[in-house]
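Protein chains in written order, with the numbering used here: chain H, 7 to 132; chain A, 7 to 132.
Hints are supplied without guarantee of correctness; some may be wrong.
Copies of the same chain are indistinguishable here, so a pair counts whether it falls within one copy or spans any two.
[Stated by the list, open to error] Capping the alpha-carbon separation at 35 Å, the derived lysine-lysine pairs in DSBU-like fashion look like this:
1) LYS10 - LYS106
2) LYS18 - LYS55
3) LYS106 - LYS70
4) LYS70 - LYS18
5) LYS106 - LYS55
6) LYS55 - LYS10
7) LYS14 - LYS106
Just so you know, these hints were derived from the structure itself, not from any lab.
Residue strings, one per chain:
Protein chains: 2
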Amino acid sequence: MDIKGVAKATTKTLISYLTYEAMRIVAMQLDQTNPPLAHWLRGFSSTGKLQDGDTYLQEMLQSKQEVAFRLMTVRQHLAQEISEFLPEMLRSEMEQSNTKLRCAHLDRLVNTTADNVPEWDKLDQE
Amino acid sequence: MDIKGVAKATTKTLISYLTYEAMRIVAMQLDQTNPPLAHWLRGFSSTGKLQDGDTYLQEMLQSKQEVAFRLMTVRQHLAQEISEFLPEMLRSEMEQSNTKLRCAHLDRLVNTTADNVPEWDKLDQE
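For reference, chain H alone in the conformation it holds in the complex (with noise of 0.2 Å):
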């Protein structure tokens, strides 16, 4: 397994969606102090382009670069405050989605095994 590559490409995905999260933060700074720039905000990144951080970031320098300036800076600070956390969370939260797909698992082939008992198993038990 080349973990390393995979460290790599997790790192790549996670900077995108914390770009994602930045846009969502400055559009709802936006709404109290620039409705119309929130709005345009809003429908630059409707289109997909969040999908790559970066490009989407060289794109908004080329119309608005005050706001993406801006969103560089809060997806920067979002790095730095989560980063901290993230291990942790990472891998309780693996943990116990794990679990919890299991148990549910078990829980439905126990009961479709039940509801399968032939009839006059049933009888027997009444």
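For this one, chain H is given, so just place chain A on it according to the hints.
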């Protein structure tokens, strides 16, 4: 800024992303040991279901539980392995990414300005 909310949402995105990476790894392993199953796995995973890793696995548990269990084991292993590098990689890649965008933008501005120097200025410089 709701940092805790962002951290929680980021973890959920990470879990889905690692489910996708686990699928790629298991599909490559199955290419060697059970090609028809590798083919099935890629087909099952190609319809955008992987946007939500848990819903994807829940569905898979109902058709091929052994593959779903394997994916769960691999994604948990990936989470364990990469979580210790993640904070440092995220912080440094984010900084690099922002610096690169800022430099490219400044570079473009400077070059555009140079192109816009009036003709008589250019003549003076000759």
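We went through each hint and held it up to the structure:
no.: 1; hint: LYS10 - LYS106; result: both (28 Å within a copy, 22 Å between copies)
no.: 2; hint: LYS18 - LYS55; result: both (15 Å within a copy, 21 Å between copies)
no.: 3; hint: LYS106 - LYS70; result: between (45 Å within a copy, 18 Å between copies)
no.: 4; hint: LYS70 - LYS18; result: both (24 Å within a copy, 31 Å between copies)
no.: 5; hint: LYS106 - LYS55; result: both (34 Å within a copy, 19 Å between copies)
no.: 6; hint: LYS55 - LYS10; result: both (27 Å within a copy, 26 Å between copies)
no.: 7; hint: LYS14 - LYS106; result: both (28 Å within a copy, 17 Å between copies)
Against the hints set out earlier in the document, no violation occurs for any number.
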